[in-house]
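Trainee: Sequence order for the protein chains is E and R. According to our numbering, the first sequence is numbered sequentially starting from 109. According to our numbering, the second sequence is numbered sequentially starting from 248.
These are computed hints drawn from the structure, not numbers from a lab. Take the hints with a grain of salt, since some may be wrong.
Derived DSS-like pairs: lysine-lysine, alpha-carbon spacing no greater than 25 Å straight-line [stated by the list, open to error]:
1) Lys122/E to Lys301/R
2) Lys174/E to Lys150/E
3) Lys301/R to Lys344/R
4) Lys165/E to Lys150/E
5) Lys150/E to Lys122/E
6) Lys344/R to Lys174/E
7) Lys165/E to Lys344/R
8) Lys122/E to Lys165/E
Quick caveat, the model's predicted, so the values are computed rather than measured.
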Amino acid sequence: GALVYQYPRRTICKSGTSMRMECQAVGFQATSVAWYRQSPQKTFELIALSTVNSAIKYEQNFTQEKFPISHPNLSFSSMTVLNAYLEDRGLYLCGARVDSGNTLYFGEGSRLIVV
Amino acid sequence: GQQVQQSPASLVLQEGENAELQCNFSSTATRLQWFYQHPGGRLVSLFYNPSGTKHTGRLTSTTVTNERRSSLHISSSQTTDSGTYFCAIDESSSFSKLVFGQGTSLSVVP
Numbered sequence: 109g110a111l112v113y114q115y116p117r118r119t120i121c122k123s124g125t126s127m128r129m130e131c132q133a134v135g136f137q138a139t140s141v142a143w144y145r146q147s148p149q150k151t152f153e154l155i156a157l158s159t160v161n162s163a164i165k166y167e168q169n170f171t172q173e174k175f176p177i178s179h180p181n182l183s184f185s186s187m188t189v190l191n192a193y194l195e196d197r198g199l200y201l202c203g204a205r206v207d208s209g210n211t212l213y214f215g216e217g218s219r220l221i222v223v
Numbered sequence: 248g249q250q251v252q253q254s255p256a257s258l259v260l261q262e263g264e265n266a267e268l269q270c271n272f273s274s275t276a277t278r279l280q281w282f283y284q285h286p287g288g289r290l291v292s293l294f295y296n297p298s299g300t301k302h303t304g305r306l307t308s309t310t311v312t313n314e315r316r317s318s319l320h321i322s323s324s325q326t327t328d329s330g331t332y333f334c335a336i337d338e339s340s341s342f343s344k345l346v347f348g349q350g351t352s353l354s355v356v357p
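Turn these sequences into a full structure, and let the hints steer you where they fit.
Mentor: Structure representation (C-alpha cells):
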C-alpha cells in the first residue's frame, strides 16, 4: 500500500535556528507533494505545493526564502524552516499524491517546538 | 475562498454508541474528503466523497452537494476510534489544495 514517512518526528530548536524535515513516499510515485502546517490549535495551513519538474507554488504568507523545498524525484521531498520562531511551531505534514489519484497520503508529521 | 465548518467540536461516547459528525461548506464545488487524525498526528484519508453515500466498515459518509453538507456516521464506536476527524474541501483541480474544517475531537470511553 501507499505509505508516507516523515522524519524527524519531533524537533526542539532554539529560536532563530533552522530545522530540516524529510518526506519519503513508499510504494507509489509522488508526483505532487503538499506541505501543510497544523497549528497547536489544530488548524491547517497549506504552505506550498510541489510537483516534480514544475515550479513550487507557495501560498500567501509562506515564501521560498523562509521554507525552501526540494522535490528531486518521485519518492522524496524535503522542507526547511529557516530562522524558526514561536509562530512557526506546529506539526508539519507532508501529503503526497499519485498522478491519477484523488487523495493525499499523509505522513505522521514532523513536530517543531521552538524554545 | 472556501469555508468549512464542522460540528460538534468535541464528542464523548460510551463504547458501542453511534456518532454523527457534520460538515458544512460554502461552495458546491467540493471534492470533499474525510480524514482521521491519530492522536500521534498521522492523517489518514477515510473517504473521498464528493456526492452520495459511501460505506467502509463501521463508517458511512453522506454528502449532499447542493445542500453543501456532508456527514460521517460511526456505528458501534470503539475506543480505537478516538481521535480527531476532519472534513476537507479541495479548492483546486489538483486534489492537493485542501481547506480543512476545524475538526471534531472524538473520545470513546469503555
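Trainee: Could you run down the list of hints and mark each one as holding or not?
Mentor: Against the structure, the hints:
no.: 1; hint: Lys122/E to Lys301/R; result: 46 Å, violated
no.: 2; hint: Lys174/E to Lys150/E; result: 22 Å, holds
no.: 3; hint: Lys301/R to Lys344/R; result: 23 Å, holds
no.: 4; hint: Lys165/E to Lys150/E; result: 23 Å, holds
no.: 5; hint: Lys150/E to Lys122/E; result: 23 Å, holds
no.: 6; hint: Lys344/R to Lys174/E; result: 20 Å, holds
no.: 7; hint: Lys165/E to Lys344/R; result: 11 Å, holds
no.: 8; hint: Lys122/E to Lys165/E; result: 28 Å, violated
When each numbered hint is compared with the structure, violations occur for hints 1, 8.
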